[in-house]
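Please build the complete structure, drawing on both the sequences and the hints.
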Amino acid sequence: GTERATMAFKDMGTWKSLYAVAADMPAAAYRAIAREAGVHIYNDSDDTFYANKTFVCLHANGEGQRTIRFPWACDVTDMMTGEPVSVNSNAYTREFKNGETVILRWKTRL
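Take any residue in the sequence shown, count from 1 to its spot, add 733: that is its number in the numbering used here.
Just so you know, these hints were derived from the structure itself, not from any lab. It is possible that some hints are incorrect.
[Claimed, not checked] Computed list of lysine to any residue pairs in SDA-like fashion (alpha-carbon distance at most 20 Å, straight line): (1) 786 with 841; (2) 786 with 812; (3) 830 with 796.
[Claimed, not checked] What follows is a set of in silico ranges between Cβ atoms, one per label pair, in the way DEER data are often shown: (4) 820 with 792: 20 to 26 Å; (5) 822 with 747: 33 to 39 Å; (6) 813 with 756: 32 to 38 Å; (7) 802 with 747: 26 to 32 Å; (8) 772 with 814: 27 to 33 Å; (9) 759 with 820: 30 to 36 Å.
This structure is a prediction, so every number in the text was calculated from the model and none was measured. Even for Gly, the Cβ is constructed at its ideal location relative to N, Cα and C.
See below:
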């Protein structure tokens, strides 16, 4: 609805500048910006998601299959059951119900 830019990238040679008018952008926009910057993306869905060097937590905003991708091969344990759910893999996939939450511990095999 306007001739003015609301978001723009500018290649500055050794880095890229991002101009954005709106601070409240969709999660997919933030993922695209992070991906362009070389940031690892754990989850491509618009779920509530937290990650650190030991745990990931996903709260499914809708039902269906989700894949959590880790930056390298690791062993993954479901913290609610204590059961291993993935061994020496860089991804974990499962079906989720709407509103279901999973807390996973991931440990690298380096």
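Looking back at the numbered hints, which does the structure fail to meet, lowest number first? none
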